[in-house]
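A.B. asks: From just these sequences and the hints, can you work out the full model?
In case you want the letters, here they are:
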Amino acid sequence: GENVEQHPSTLSVQEGDSAVIKCTYSDSASNYFPWYKQELGKRPQLIIDIRSNVGEKKDQRIAVTLNKTAKHFSLHITETQPEDSAVYFCAAIHTGRRALTFGSGTRLQVQP
Amino acid sequence: GAVVSQHPSRVICKSGTSVKIECRSLDFQATTMFWYRQFPKKSLMLMATSNEGSKATYEQGVEKDKFLINHASLTLSTLTVTSAHPEDSSFYICSARTGARDSPLHFGNGTRLTVT
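If you read the protein sequences in the order shown, they are chains A and B.
Quick note: the first sequence uses the working numbering, first residue 1, plus one each step.
Quick note: the second sequence uses the working numbering, first residue 1, plus one each step.
Just so you know, nobody snuck in bad clues.
Estimated spans, in silico, between C-beta atoms of each pair:
id, chain 1, residue 1, chain 2, residue 2, range
1, A, His7, B, Val3, 26 to 36 Å
2, B, Ser73, A, Thr10, 34 to 44 Å
3, B, Ser54, A, Gly1, 17 to 27 Å
Keep in mind the hints are simulated off the structure, nothing from the lab.
Only a predicted model underlies this, so the values are computations on that prediction, with no experimental measurement involved.
Note that the Cβ used here is the ideal one computed from N, Cα and C, for glycine as well.
C.D. replies: Okay, here's the thing in structure tokens:
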């Protein structure tokens with residue numbers, strides 16, 4: 001089945017700096033890659049997603065890149081703010097299944 | 001946007017009792033819902049896929065007799081933790097997809113179960 005690895009597990013940045021979180025996946029047939037933000041005790045919220053026919057997608061301060069050949073995708077957050085502090089999960093959909101496989105999560109802390 | 005409602009948000013029960021968690025899709029029909037479990041500071045682990053009108057599909061290592069799933073309608077799936085033990089204490093989250101396989105997955109608010 002699909003295996004998603006995520007790095008780093010924790011990331012601390014200064015307010016205003018950029019943050020990058022990287023994920024790799026194992027199944028070359030996976031074609032949908034969402035990113036979720038989860039605040040403590042709350043549900044994961046979809047923040048951005050990308051499909052395999054696109055190499056990059058941007059939404060204001062958030063961008064995601066996908067390298068299908070290398071089977072990795074990354075989340076980029078620019079001009080970080082304290083409210084960006086949360087746990088971020090990457091995920092991939094295995095085309096033989098219907099459920100997402102999640103990465104292990106990255107705890108992002110933005111220092112004011 | 002799509003809303004998934006999950007109840008209760010918190011539940012405390014004694015060992016040996018059963019707890020039912022409900023997951024509802026409020027503004028869309030979900031033929032498939034997914035149940036995840038999340039331990040503190042850990043990732044979301046898929047427990048089972050709930051299929052409307054048929055049996056759930058359980059992931060390897062998940063006891064189907066302990067985690068009973070019923071998906072009797074297009075808007076409701078339930079997870080019952082039977083004969084709960086302290087090690088079942090966890091955050092349980094349901095989710096559903098509004099459309100195709102590559103459409104976004106929407107999560108319920110989650111249920112924090114504590115078994116004493």
